[in-house]
Amino acid sequence: MGASLTVVDDNESFRFLLGLLLKEELGVECLTLASLADATAQSPAVLGSDVVILDVNLGPNQPDGIAVYDWMRVNGYGGIVLFMTGHAVGSPYVQRAVQTGVRVVEKPASTDEIVRVVRELMFGGRAVECGS
Amino acid sequence: MRELTDRWLPARLRFVTVALPEREVRFATATAAAFNSLGMLLELMILRNSSIPWWPEAISSGVGALIFLAILTGRLQGRVNAVKALFVLNAIAVSFALFEIYSFYPFADHDGLLFQATKLGAVVAGLLAPGFLVGLMAIGVHIGSSVIQFSFFLPDFRASGLGDEPWAMFAFGLAGVFVLVHRMRVRQLQVEAQFALTEAESIRRLAHAFLDLRDQMNTPVQSVEIAAALLKKSGTDMEVVKHLQQSCARLREIAESLRRHEDRLEWSASQDGVAVIVSESHAGPKGETT
Numbered sequence: 001m002g003a004s005l006t007v008v009d010d011n012e013s014f015r016f017l018l019g020l021l022l023k024e025e026l027g028v029e030c031l032t033l034a035s036l037a038d039a040t041a042q043s044p045a046v047l048g049s050d051v052v053i054l055d056v057n058l059g060p061n062q063p064d065g066i067a068v069y070d071w072m073r074v075n076g077y078g079g080i081v082l083f084m085t086g087h088a089v090g091s092p093y094v095q096r097a098v099q100t101g102v103r104v105v106e107k108p109a110s111t112d113e114i115v116r117v118v119r120e121l122m123f124g125g126r127a128v129e130c131g132s
Numbered sequence: 001m002r003e004l005t006d007r008w009l010p011a012r013l014r015f016v017t018v019a020l021p022e023r024e025v026r027f028a029t030a031t032a033a034a035f036n037s038l039g040m041l042l043e044l045m046i047l048r049n050s051s052i053p054w055w056p057e058a059i060s061s062g063v064g065a066l067i068f069l070a071i072l073t074g075r076l077q078g079r080v081n082a083v084k085a086l087f088v089l090n091a092i093a094v095s096f097a098l099f100e101i102y103s104f105y106p107f108a109d110h111d112g113l114l115f116q117a118t119k120l121g122a123v124v125a126g127l128l129a130p131g132f133l134v135g136l137m138a139i140g141v142h143i144g145s146s147v148i149q150f151s152f153f154l155p156d157f158r159a160s161g162l163g164d165e166p167w168a169m170f171a172f173g174l175a176g177v178f179v180l181v182h183r184m185r186v187r188q189l190q191v192e193a194q195f196a197l198t199e200a201e202s203i204r205r206l207a208h209a210f211l212d213l214r215d216q217m218n219t220p221v222q223s224v225e226i227a228a229a230l231l232k233k234s235g236t237d238m239e240v241v242k243h244l245q246q247s248c249a250r251l252r253e254i255a256e257s258l259r260r261h262e263d264r265l266e267w268s269a270s271q272d273g274v275a276v277i278v279s280e281s282h283a284g285p286k287g288e289t290t
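Residue numbers (the numbering used here), protein chains in the order written: chain S, 1 to 132; chain B, 1 to 290.
Check before you lean on any hint, since a few could be wrong.
Stated by the list, open to error - Over 10 Å on every C-beta distance to chain B, these chain S residues come out as not near it, computed from the model:
1) Val28
2) Glu29
3) Thr32
4) Ser35
5) Ala37
6) Ala41
7) Pro44
8) Val74
9) Val104
10) Pro108
What the hints assert, rightly or not - Beta-carbon label-pair distances, calculated as ranges:
11) S/Asp112 with B/Ala200: 37 to 43 Å
12) B/Leu66 with S/Pro60: 55 to 61 Å
13) B/Thr236 with S/Glu29: 22 to 28 Å
Claimed, not checked - Taking beta-carbon pairs under 7 Å as the criterion, some of the chain S residues facing chain B (in silico):
14) Leu21
15) Ala88
16) Lys107
17) Thr111
Please keep in mind that the hints were generated in silico from the structure rather than gathered at the bench.
Fair warning: this is a prediction, and the values are worked out from it, not measured in the lab.
Just so you know, even glycine gets a beta-carbon here, dropped at the ideal spot from N, CA and C.
The whole structure should be built from the sequences, with the hints applied where relevant.
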């Protein structure tokens, strides 16, 4: 059985703290990964998650969050995706994320907002589902 | 020296100190020297049936040829002021030759028009001069030597067919100066436009770099925000947590206010923010084209 929630972000501290926050607030187990390579190595768990939170920029010379999203779609992921990014809305990275139709949350957001959005995605009032 | 004069020169007059690129200086001087060399041979053809001696033309043509060859062979590479001096030397050689030729006119059996080559020389100097002051000198040498010579001609000779002089010579000298001013002023405007473009590009790159750095800070700030929330839940000193969360809120406000300005920038390929800022800080002082 896969984790309820997967977080893919190249920043180790952010991955750890976000996973801990969501476990404390929502009671969900989080699988935290750093890159597309990590995601493909644990594809059953990732593709079995209810919600996947993706950072848009996963580091220099690395496939970005859009690439992870595309990989998930190609492999039939049917859950919900949320992009979280520290980059400006006008940047090429974020524009490509916006064009996927997936919800984008800009960092830094308040923890209340993060928890509210993830709760909304997991338990009701869905945003855009992957593949739509 | 140029920076010193630029400080007290009004902006509109800074064309006086515009520096042309070395390639243009060399090309302009070589062209003037070639014109001297070939033009004097034409003068020889014009005067071939007269009693006016050939040696002034030969000397001037030779000087022009030597200057042309010196530039062509690259001997004066990197010596812009020397090349500019040769432009003036070329003008002096031409004026000397014409002075000698004209001195024979009152006695020679030749009915050509006096001072025509002088006037041509003044206009060509304005067209080709590799700098404003150099151009003024060349025009001054051409017109000045002929005006002085004219003043020493006997009144009878001056009255016979030279009724328009020396005013016609001054008119051509003025034409040469106006052509020179126009060229240098256009050049000055081009330099200023290029500088403005370069500065704008530099500012744009810096702005992108700062925004990129801002973006890189957002994830660590987010981490601190989450850590503060977790500390609050764990019962850590509430006063400390309160200040931590207030600081995070302030950082979010700053990030939000920066976001409002980013729409003014066009985004291109991402660059490492730190590398761009370092390269801009190492950039040289304002410069003109060289």
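Here is how each hint holds up against the structure:
Look at S/Val28: its CB is around 15 Å from the nearest CB on chain B, clear of 10 Å, so calling it non-interface holds up. Every CB of chain B is more than 10 Å from the CB of S/Glu29 (nearest about 17 Å), matching its label as outside the interface. The claim that S/Thr32 is not at the interface with chain B holds, since no C-beta of that chain comes within 10 Å of its own (minimum 13 Å). No beta-carbon of chain B is positioned within 10 Å of the beta-carbon of S/Ser35; the least distance is around 15 Å.
Every C-beta of chain B lies more than 10 Å from that of S/Ala37, the closest at about 20 Å, which supports listing it as non-interface. Taking the minimum C-beta to C-beta distance to chain B, about 23 Å, the non-interface status of S/Ala41 holds against the 10 Å cut. A cut-off of 10 Å between C-beta atoms confirms that S/Pro44 is not in contact with chain B; the least separation is 28 Å. Taking the minimum C-beta to C-beta distance to chain B, about 26 Å, the non-interface status of S/Val74 holds against the 10 Å cut.
S/Val104, annotated as away from the interface, keeps every beta carbon of chain B farther than 10 Å; the closest lies near 13 Å. In this structure S/Pro108 is not separated from chain B by more than 10 Å, as the shortest Cβ-Cβ distance comes to only about 4 Å. With their beta carbons about 42 Å apart, S/Asp112 and B/Ala200 fall inside the hinted range of 37 to 43 Å. Against the hinted window of 55 to 61 Å, the Cβ-Cβ separation of B/Leu66 and S/Pro60 comes to about 60 Å, which satisfies the hint.
Take B/Thr236 and S/Glu29: their Cβ atoms lie about 25 Å apart, and the range 22 to 28 Å holds. Evaluation of the S/Leu21 hint against chain B yields a held restraint, the C-beta minimum of about 5 Å falling below 7 Å. Given hint, S/Ala88 at the interface with chain B, holds; its Cβ is 5 Å from that chain's nearest Cβ, closer than 7 Å. Here the hint on S/Lys107 is kept, as its CB sits about 4 Å from the closest CB of chain B, short of 7 Å.
A least Cβ separation of about 4 Å between S/Thr111 and chain B falls short of the 7 Å threshold, and the interface hint therefore holds.
This entry does not satisfy hint 10, going by the numbered hints stated previously; all others are met.
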